[in-house]
Amino acid sequence: GQQLNQSPQSMFIQEGEDVSMNCTSSSIFNTWLWYKQDPGEGPVLLIALYKAGELTSNGRLTAQFGITRKDSFLNISASIPSDVGIYFCAGQEDDKIIFGKGTRLHILP
Amino acid sequence: DAMVIQNPRYQVTQFGKPVTLSCSQTLNHNVMYWYQQKSSQAPKLLFHYYDKDFNNEADTPDNFQSRRPNTSFCFLDIRSPGLGDAAMYLCATSRDLGTRSYNEQFFGPGTRLTVL
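If you're matching them up, the sequences are chains D and W in order.
The first sequence begins at 11 in my numbering and counts up by one.
The second sequence begins at 296 in my numbering and counts up by one.
Hint data in this document are derived by calculation from the structure and do not stem from the laboratory.
Quick caveat: nothing in here was measured; it's all calculated off a predicted structure.
Do not take every clue at face value.
Said to hold, decoys possible - Heads up, incomplete: computed chain D residues facing chain W, CB under 7 angstroms, no partners named: (1) Pro-49; (2) Glu-51; (3) Pro-53; (4) Phe-83; (5) Asp-105; (6) Lys-111; (7) Leu-115.
Each residue gets a CB set at the ideal place from its N, CA and C atoms; glycine is no exception.
Assemble the whole structure, with the sequences as input and the hints as a guide.
Right, dumping it as structure tokens:
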């Protein structure tokens, strides 16, 4: 089946730094999604991308849908403590969402 | 304000003892999903209901069943929990199926299941 490779697996950064994470797939998706999951909670949708090449922002977050439709990246600018959590990329094809394994973001004081 | 509610948040059961997890939604969405998420892993879809139509993922074990008595409620039944079934179980809803902006999946907070 389709698989997503999400990297890095975890990141340790200083507050205020910018963050970049990405996701690649062996096959194409029509939609790329980025979710954040806080400890003990369900994932919350941050950004949805529906067109190849699309670049979308949500506050300090920016995500892009790769031209090949096989990749996407998420950038977080000027990180703050509440950015801590697990970020999942997900590709949607027809009715199914396939999740990446997540990037765990740690922010050092 | 809660839109997708899962009860209980934490459930402890014994090996082999049936357990039911519940999910309710106030969004009046057509689709309800159940995902299993093990520690440090991605959520994995078990099945979904489109209205009353049940759609099982091919690799979902028979041990997992689901019921949707009405639009608002959906239950996950684990008939004989094994140690490997310990996980977070996430319920999600969407207005409809397909890849449109109005079909975003909204997740509940999850139920963490422990099997002793």
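Status of the hints after comparison with the structure:
A distance limit of 7 angstroms between C-beta atoms decides the matter here; for Pro-49 (chain D) the minimum to chain W is near 11 angstroms, and the interface restraint is violated. The interface hint given for Glu-51 (chain D) holds, since its Cβ lies 5 angstroms from the closest Cβ of chain W, which is under the 7 angstroms cut-off. The closest approach between the C-beta of Pro-53 (chain D) and any C-beta of chain W is roughly 5 angstroms, which is under the 7 angstroms cut-off, so the hint is satisfied. The criterion of a C-beta within 7 angstroms of any C-beta in chain W is not met by Phe-83 (chain D), whose closest approach is roughly 18 angstroms, and the hint is violated.
Satisfaction of the interface hint for Asp-105 (chain D) is found here, the shortest Cβ-Cβ separation to chain W being roughly 4 angstroms, below the 7 angstroms cut-off. The beta carbon of Lys-111 (chain D) is positioned within 7 angstroms of a beta carbon in chain W (closest approach about 5 angstroms), and the interface hint is therefore held. For Leu-115 (chain D), the interface hint is violated, the least distance from its beta-carbon to any beta-carbon of chain W being 14 angstroms, above 7 angstroms.
Checked against the numbered hints above, the structure violates hints 1, 4, 7; every other hint is satisfied.
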